[in-house]
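Participant: Take a look at the letters that make up each chain.
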Amino acid sequence: MSSELSALMSATFHEVGHAHLVELVHQKDRAARRRLASLRLSAYDADGGLQLDRALDPAEEILDVAALLDEPARRHGRLLVVFDARYDPEVFPYRPHHYGYLHRAESTAPPLYYAVNATLGGVPDRIGAVALNNFETYLFLDRPMSGHHAVAVGNLSRFAPADAEVVSYYDGIRHVETVRLMPKAHTEVKLAPEREGHRLRRVELKALFRMASYVVGRRAGGELVLFDHLFTYFK
Amino acid sequence: MTTGLDPALDTEMLCYCTTLTFGELRAACAAGAWPPPNKERTGKLCTGCQGDLQYCLRLLGVRGPA
Numbered sequence: 001m002s003s004e005l006s007a008l009m010s011a012t013f014h015e016v017g018h019a020h021l022v023e024l025v026h027q028k029d030r031a032a033r034r035r036l037a038s039l040r041l042s043a044y045d046a047d048g049g050l051q052l053d054r055a056l057d058p059a060e061e062i063l064d065v066a067a068l069l070d071e072p073a074r075r076h077g078r079l080l081v082v083f084d085a086r087y088d089p090e091v092f093p094y095r096p097h098h099y100g101y102l103h104r105a106e107s108t109a110p111p112l113y114y115a116v117n118a119t120l121g122g123v124p125d126r127i128g129a130v131a132l133n134n135f136e137t138y139l140f141l142d143r144p145m146s147g148h149h150a151v152a153v154g155n156l157s158r159f160a161p162a163d164a165e166v167v168s169y170y171d172g173i174r175h176v177e178t179v180r181l182m183p184k185a186h187t188e189v190k191l192a193p194e195r196e197g198h199r200l201r202r203v204e205l206k207a208l209f210r211m212a213s214y215v216v217g218r219r220a221g222g223e224l225v226l227f228d229h230l231f232t233y234f235k
Numbered sequence: 001m002t003t004g005l006d007p008a009l010d011t012e013m014l015c016y017c018t019t020l021t022f023g024e025l026r027a028a029c030a031a032g033a034w035p036p037p038n039k040e041r042t043g044k045l046c047t048g049c050q051g052d053l054q055y056c057l058r059l060l061g062v063r064g065p066a
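Chains as they are written, first to last, in my numbering: chain A, 1 to 235; chain B, 1 to 66.
Here chain B stands alone, though its shape is the one from the complex:
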């Protein structure tokens, strides 16, 4: 499921600590493989992307609304 997240963002950085892009997040969610290898700490280090990560995961159907 990839609706709701603008593909134009795919090359943009989501997590600045693990260098996860929006496209990598989309691909992992579509493959049912979230989190991808070596990206397990996304959102957990500086925490700055935590809000956007939760927002995108909901859009991609990985977690229900908080």
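In isolation and in its complexed conformation, chain A is listed as follows:
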């Protein structure tokens, strides 16, 4: 691989029962669609076991994640899906973006559009994000929700286990849950909607190094109504 290319590792999660598409390059320009130099997809079960690994055609515009991963997800449950991209920094002066579309089969809820979590690389200093990428926050809306929220978190390292600390806030009440994740392992940490009569207001994720993470909201029947990455708020 040319050392002149830049690198980006992004990640999402996939579960059976959802239409799940990923636009491999969100940015376009007037002259032509911008393209990655190369792209590789790998998928891992909850214990970090590799279930799929393949090169993708960087000329492909929309990847049908469900068509590719429903079968292994049916056998192994939710999968951590990793996109390993190489790109020319002159083509993408900031970095490429992958965007996702999620919609549960036969659901009456609107589809969810989300930015795939850029976890490693993308050269954050190009936008001035030079500190504390491993400390992220999500603020919840004020209105109550039937169902529950959770934080889906995955460890993209090759060797290093990670202790990820999920801290939830209920007005003045703070609750901490720590999960240990081996390389490529992932889990979903459920957040109680209320504690001592106080509603969930905020969640934070902290680890020694940056994790792949999303805030997930599900209705009582399991229907997905929120799937969004956390924010660093420090730039």
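No lab work stands behind these hints: they were computed from the structure. Among these hints, one or two may not hold up.
Cut-off 30 Å, straight-line C-alpha distance, at most; resulting in silico cross-link-like pairs (BS3-like, lysine-lysine) [as the list claims (entries may be wrong)]: (1) Lys206/A x Lys39/B; (2) Lys206/A x Lys190/A; (3) Lys44/B x Lys206/A.
Stretch-level coverage of chain A by chain B, calculated; a stretch enters the list once three of its residues show a Cβ under 8 Å from a Cβ in chain B [to be verified]: (4) 47 to 57; (5) 153 to 163; (6) 208 to 218.
None of the values given here were measured: they were computed from a predicted structure. Virtual Cβ for every residue (Gly too), placed ideally from N, Cα, C.
Go by the hints and put chain B onto chain A.
Facilitator: Then chain B, alone, in the frame of chain A:
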């Protein structure tokens, strides 16, 4: 000292921000020249490789166990 880190990883990317490969890390450590020029911010930008970087540096004898 290069024991402990699989040479098959040499072309693989370790730091996605500075595009440092495992092979470049191995070569720099063997030469006693860690970090190499222009790779000083390895592990310090997105922080995603920080765990692997520390693991590899220990394997290569650059730092003692944490």
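Participant: Run every hint past the structure and note whether it holds.
Facilitator: Results for each hint:
Proposed proximity of lysine 206/A and lysine 39/B is supported: the alpha carbons are some 25 Å apart, at most 30 Å. For the proposed pair lysine 206/A and lysine 190/A, the alpha carbon gap of about 16 Å is at most 30 Å, so the pair holds. At most 30 Å may separate the alpha-carbon atoms for a hinted pair to count; lysine 44/B and lysine 206/A meet this at roughly 16 Å. With 0 residues carrying a beta carbon less than 8 Å from a beta carbon of chain B, the region 47 to 57 of chain A misses the three-residue requirement, and the given coverage is violated.
For the region 153 to 163 of chain A, the stated coverage by chain B holds: 7 residues have a C-beta nearer than 8 Å to a C-beta of that chain, and at least 3 were required. Taking a C-beta to C-beta cut-off of 8 Å, the region 208 to 218 of chain A contributes 3 residues in contact with chain B, enough for the three needed, and the coverage statement holds.
Checked against the numbered hints above, the structure breaks only hint 4 and satisfies the rest.
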